[in-house]
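> Take a look at the letters that make up each chain.
Number of protein chains: 2
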Amino acid sequence: MSHRVYNFGAGPAMLPLPVMERIRDEFLNYRGMGASVIEISHRSREFQAIQDEAKALFRELAGLPDDYRILFVHGGARMQFAALPLNLAGRSATRTCLYVETGNFSQLAIKDAQPFADVKVIASGAADGYRRLPALDPAAIDQAAAYLHITSNNTVCGTRWPSFPETGAVPLLADQTSEILSRVIDYRRFGVVYAGLQKNLGPSGMAVVVIRADLLGGAAAQTPLLLNYTQLDKDDSLTNTTNTFAVYVVRCMLEWLKEQGGVAVMERRNEEKAAVLYRVIDASGFYRGFADPSCRSTMNVTFHLPTPELERRFLAEALAGGLYALEGHRAIGGLRASLYNPMPLAGAEALASFMREFERKNG
Amino acid sequence: MSHRVYNFGAGPAMLPLPVMERIRDEFLNYRGMGASVIEISHRSREFQAIQDEAKALFRELAGLPDDYRILFVHGGARMQFAALPLNLAGRSATRTCLYVETGNFSQLAIKDAQPFADVKVIASGAADGYRRLPALDPAAIDQAAAYLHITSNNTVCGTRWPSFPETGAVPLLADQTSEILSRVIDYRRFGVVYAGLQKNLGPSGMAVVVIRADLLGGAAAQTPLLLNYTQLDKDDSLTNTTNTFAVYVVRCMLEWLKEQGGVAVMERRNEEKAAVLYRVIDASGFYRGFADPSCRSTMNVTFHLPTPELERRFLAEALAGGLYALEGHRAIGGLRASLYNPMPLAGAEALASFMREFERKNG
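Sequences listed follow chains A and B, in order.
Using this note's numbering, the letters of the first sequence correspond one by one to residues 1 to 363.
Using this note's numbering, the letters of the second sequence correspond one by one to residues 1 to 363.
For the record, the hints were derived by calculation from the structure and aren't laboratory data.
Each hint should be verified, as a subset may be incorrect.
[To be verified] Computed footprint of chain B on chain A, listed as stretches where at least three residues anywhere in the stretch have a Cβ under 8 Å from a Cβ of chain B:
no., stretch
1, 11-21
2, 29-37
3, 50-63
4, 109-121
5, 236-242
No residue lacks a Cβ here, since even glycine has one placed at the ideal position from N, Cα and C.
Turn these sequences into a full structure, and let the hints steer you where they fit.
So, in structure tokens, the structure goes:
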């Protein structure tokens, strides 16, 4: 490991060393084919097996019920910000789609949906600067709406939904980009769960969409073909040439997750990693956590130092010590440590030690 | 090379061995960062440098005029089949968009554009089974149309436009997926040239779009954000998390192309490779070329054997001899040898030798 840093980047993010080594080792010659996995047809039986295995592993690890479909889609989670209303707004006669605003990516989801739906923001954390989740009045959930959209983990602010709202007959849609398969969830609570790959699942440029089968079939006539979930489901996500490298890395990542013991084991490890850092913050008058403790993320730990000058020094010294990519998002500044599934406990502990030592010298 | 086959797949296709080795060798640690190129932020200065270099090399190698923009876009060429009318149909008051039908992918471009434009097919090669390009009557090019779309190389049938039509004031749009940077073209003849990466440029899942700057600014209101060329141009293709691995491979591929001597050198090599195979076909009463000699592709050489049984035997014996992925597309059957930039002359010669020997034994 000596040549590899602890990479706390928010995404594209670190992947486990054994997964990276395996990709490297078979990069020129996939299973004796004499060609790389990126050089074979998406219609070859070898690639089909890769995608089939990835889907089967996801279904097993997520505990996904049979009536949910798994799609691999181009463009990351953000492409779905348009695809969701294009596919689902027609469920409502008035194309009414409900959103909860909890920071950066939820705002983009709201903005990108506007051309395709009558978007209603029924709760917002803006008054608190998105440090906590807003209260959600059940009466605000119009039961004639097409769906209610939430961002289950907020990468920028470091908040997450500790539990999920009851929505009655309205399908709950969740952007889980920065926490998919990091904690056990009951998929039956959701109509759609989707995630860009580049944090817990693989490289950037693609997303996985999990959709309850009864929500298929209602896409708007003006839906670009590759954003049409019904078409993608019919074609097993191979309507056109898929991102074969990304699907292959997902398969490798899911095999690794299974070897680690699965999602429940990973959830406990993630809680332990985050607790290591939150303990340092809470014991300190020097570090100030950004997120309210009621809804702290286990994936993204956000905090500030007393001054911007100290934050710059912290970043420089951390980098020199092999602790990489701790800058906070420009929207809130400060520092951010992302602790996705691939981050080992030793990484969180190394950062905690550095934080205590930095406070001792500068506090 | 002994562990690598000659890979004649139509795409995702082979990449040059030196490029593949370089990707492998720096996969765990990009330039001493202690992280992989797929593990760093798309907003890092290191990734920005990769994209800047890729764009500069493309501009240099293509001889691209200053008023053309280069975009890296999600979803491959097929996503652009919808994006083109969404971005450009508004140039015509009646949203009239002209297409030439020359086989499989041109048909998909026509079909995918229908929801967004008044699509008019002004010439079709259907009567000839797409063995040759249709005659294009200049009078059929409605000068009030938004654009005229062609597929400059037809991967399935193995035909290409030997020269390009004069379109007057109507911008000419070309899907160059299976021949981009394989021959010298004058970009001033085109409004848009675009290509999926997975043949001459890199892995699958992404496309490059070259667009004349004056064609930006007119996207339809209901254009999904990541299909809006104006937005992507404004954001330097980083509106959202891009496919960082693909852009990195493009940079490596373009450096390799420059080392080979550039596009003109590559064009001569491609003509030589194709000639090696067409000579075998033309000298034979056994192999039957599919494409008319007037418009034969240098990238995809399509041919049939006397019987399907012989074709199956040919494929099996070729594979046993290290000649991989020679199946024709299901639309026309038979055999297809794809000879993109990365295929060395030795690969075409090995296939030609095999073909002569197979004919000798079975002819």
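> Hints first: check each against the structure and report whether it holds.
Hint by hint, here is what the structure shows:
no., hint, in the structure
1, 11-21, "holds (count 8)"
2, 29-37, "holds (count 5)"
3, 50-63, "violated (count 0)"
4, 109-121, "holds (count 3)"
5, 236-242, "holds (count 4)"
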